[in-house]
Each structure stands twice: as structure tokens, then as C-alpha cells.
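Asks: For reference, the chains in residue letters:
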Amino acid sequence: MLYLQLFISFFKIGLFGFGGGLAILSLIQMEVEQYGWMSQQEFVDIVAVSQVTPGPIGINCATYVGYTVDGLWGSVLTTFAIVLPSLIIMLSICKAYFWLQKRFTGNPYFEQTLRALRFTVIGLVASAALLLMKPTTFIDPVSWIIFAVVALLTVSPEFIKNKVTDVISHPILLIVIAGIAGYCIYG
Amino acid sequence: MFWQLFYTYLKIGTFTLGGGYAMLPLIQREVVDRQGWIDEEEFLNMIALAQAAPGLIAVNSAIFIGWRVGGWRGVCGAVLGAVLPSFLIILAIAMVFREWKELPTVEAVFKGVRPAVVALIAAPLFKMGKSAMKPSAVSRQPSALFLLISLAAALLIWLAHVNPVWVILAAIVLTLTVVGIQQSTFRKQK
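Chains A and B, in that order, give the protein sequences. The numbering of the first sequence is my numbering, which starts it at 1 and goes up by one. The numbering of the second sequence is my numbering, which starts it at 1 and goes up by one.
Simulated from the structure, these hints should not be mistaken for laboratory data. Heads up, some of the hints might be wrong.
Said to hold, decoys possible - Covered stretches of chain B (in silico footprint by chain A; criterion: 3 or more residues with CB under 8 Å from a CB of chain A, positions within the stretch not fixed): (1) 31 to 41; (2) 171 to 179.
As the list claims (entries may be wrong) - To list a few chain A residues with every Cβ distance to chain B over 10 Å, as calculated: (3) M1; (4) L2; (5) Y3; (6) T63; (7) R115; (8) R118; (9) G123; (10) F138; (11) N162; (12) V164; (13) D166; (14) I168; (15) Y186.
Think of the CB as a built atom: it goes at the ideal place given N, C-alpha and C, for glycine as much as any other residue.
Using the sequences and the accompanying hints, generate a full structural model.
Replies: Take a look at the structure:
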């Protein structure tokens, strides 16, 4: 039963994971919360780990959840389950590539749906961030200061494009600095 | 072909931090410039497809290129190569993390990291919004209408705890309906 549940959940995440990494987070969060597979703090922590380790966030989360729920085989199962929808859909697309290209390029239904999905993904990412703004992650005013500073530095290259903003907006660097700040303040 | 694709994607998977989008330039360099497996134009088509289709972008691109270059064997090689590095790294971390988590030092570090992670999730919204608002040739609707979809999606999931799956399905059905109505009135006008 547990295996089946894990499989269905991560298959669903793979199937509806439009827009890649960040958009997939709200899907994962909903599933793991619903079944109590991971606490919210653990979820944020694993997103943090994903940001500083190589590879797609979806695979990282799937592997971690699988392992915490049911060890090695759990992680193999969840990783397989999140990849499987991609395999089915992308291989179908590859096989019908030219047919699809002729049929769907310029098709208003197809183009507008893709456009709507891009905007839906924005909402999904926003909800992932909003869902995490809770006392478990934002424990005191210092948390909000860290949040504001990291957010500002991340978007800084959008306003001032130079070498300095390029370096200070790097997610890995920001996470490491936030970690050091955490150690100094709470340690 | 299996090993060649496996090795190429293993390399890409091991050395890219920050997920799918960060992988694309590396994939391009390996697959288009170095190996010459597909040309530039097909690569761009591939990116469009990998983004439009559900699932992880890195995995989607691995499947496409694997299939183009080496059929079934190519797909297996490329997907395994793309997935294996992050799978093994996270597995190793997961094995120790449950114990480390309890350490006061680790907990203090993560207290600082957690709000930063939320900021890293939220901040790209700015860029995503900007690029989504760019006018496109195919659209007759103003972008403001689409922004309502973003807003509704965020609020439904955040406040009403609606599963994102339903939100995505609703957005698809809504768009198809609206386009359907537009098409039929357009035809009547003709």
C-alpha cells in the first residue's frame, strides 16, 4: 500500500509538473504534507540541500522523500515514478514529432494553453513560497531580514547588471552566507 | 551509444548546480557543439518541447536527445546519466541528515538558511513575470487576463489548499473554453 501510494504521488508530480523545478515544489509540498511524509521544516531543508547540490530539484526531492519514507527501495521507486510520465510523454512526442509540429504550430488552442500554463506556473511558484512563510521557517524578525536581503540580492542583476551583482546573486553563495549568519545568530 | 550518452549526461548531471535551466547551456555545448548529435535549430525546438511537456526539463531533454541519437538504448543511457548523480548525492545526504539534523549547530545553520530558501523560491517570480508578460505574436488577449490566472492559482493553493493538480487542469479547461468561444464568434463574423 505504502509503495503504491508513493508511486502514485510521485507519478502525479511528474505528470503535472509543468514549468520545471520551482513550479514542481508546490506539488511536492502538497503531496508530502497530505501523507505526513515530511515535516515542513524538513521540506525547506531539503530544498536548501537541492540548491547547493547538482541535479534537478524534482529528482532531489523525490529521492529524499523516498529514502525517509522507506529507505533505499523507497528512493528508487519515487525517482522512477517522477521520471516515468516524462518518459511516456516525451517518447510519444518524439515518435510523432513531425506530425505534431505540423498540427500544433500556430494552433490557437495549443498556443494559448501553453501561454496560460506559463502564468499558472507563476501562481504555483508564488504559492510554494507563500506556503512556506510560516512560524516554522520564519521564527523571528531576523528571519524576515534574511528573507528580504536574499530576495533583493537575487533580483539585483535585473536592475544593475555588473560583475558584483552577478556574483552576489548566486544562490549557492547566498545559502552559504545565510547558513553562516544562522550559525552566528542562533548557534 | 548507450555509454556515450550515459557518460555525457553523467558529466552534465554532476557539474550543474541549480537544476534544469542551468543544465541547458551545458547540454548545448556537449550535444550540439562537441558531439554534433543534433543541430542548433533542433536543439532550440527540443528546449521548447522539454519546457512545454510536463516533467523535469533536464530529464525531458535527455529523453529527446537520447531517442534522436540512439533510440531506446540512447534514452536509457541519457536518462540514467542525468538522474544518477543527483540520486546518489541525495541518497548519501539523506542517510546522514536525519541524525545530523538534531545537532544544535546544524539546526542553527538551517534556521538561517530556511528564510533564504523561501526568498530563492520567491525572487525568480520577478523574472518569470517579466518574461511571461512579453507580448507574443500569437496572443490576442491582453496579458492582464492571464495575470488573473496566476493570482487565482496562487490564492487557491495558498489559502484554500487546493491541490495544484486541480489548478492546472482548471487553467487548461478554462483556456480551451475561452479560445473555443472566441473561435466560434470569429467564424460567425466571417
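Asks: If a hint holds in the structure, say so; if it does not, say that too.
Replies: Do the hints match the structure? See the list:
Check result for the region 31 to 41 of chain B against chain A: violated, 0 residues qualifying (beta carbon to beta carbon below 8 Å, three or more required). Given as covered by chain A, the region 171 to 179 of chain B passes the check, having 7 residues with a CB less than 8 Å from a CB of that chain where 3 are the minimum. Against the 10 Å criterion, M1 (chain A) stays outside the reach of chain B, whose nearest CB is about 20 Å from its own CB. Separation of L2 (chain A) from chain B is adequate, the least Cβ-Cβ distance of about 17 Å exceeding the 10 Å criterion.
Residue-level check passed: Y3 (chain A) sits 18 Å from the nearest beta carbon of chain B, beyond 10 Å. Not every Cβ of chain B is farther than 10 Å from the Cβ of T63 (chain A); the closest lies at roughly 4 Å, contradicting the non-interface assignment. Against the 10 Å criterion, R115 (chain A) falls within the reach of chain B, whose nearest CB is about 6 Å from its own CB. The claim that R118 (chain A) is not at the interface with chain B is violated, since a C-beta of that chain comes within 10 Å of its own (minimum 5 Å).
Against chain B, the non-interface label of G123 (chain A) is violated: not every CB pair exceeds 10 Å, the least being about 3 Å. For F138 (chain A), the requirement that its beta carbon stay farther than 10 Å from each beta carbon of chain B is not met, with the minimum near 6 Å. Separation of N162 (chain A) from chain B is adequate, the least Cβ-Cβ distance of about 17 Å exceeding the 10 Å criterion. Non-interface call for V164 (chain A) relative to chain B: holds, since the shortest CB-CB distance, roughly 17 Å, exceeds 10 Å.
No Cβ of chain B comes within 10 Å of the Cβ of D166 (chain A); the nearest lies about 14 Å off, and the non-interface call holds. Distance check on I168 (chain A): its Cβ is at least 13 Å (rounded) from any Cβ of chain B, clearing the 10 Å threshold; non-interface status holds. Once the 10 Å rule is applied to beta carbons, Y186 (chain A) is inconsistent with being away from chain B; the minimum gap is 4 Å.
In summary, the structure is inconsistent with hints 1, 6, 7, 8, 9, 10, 15 from the numbered list given earlier, while agreeing with the others.
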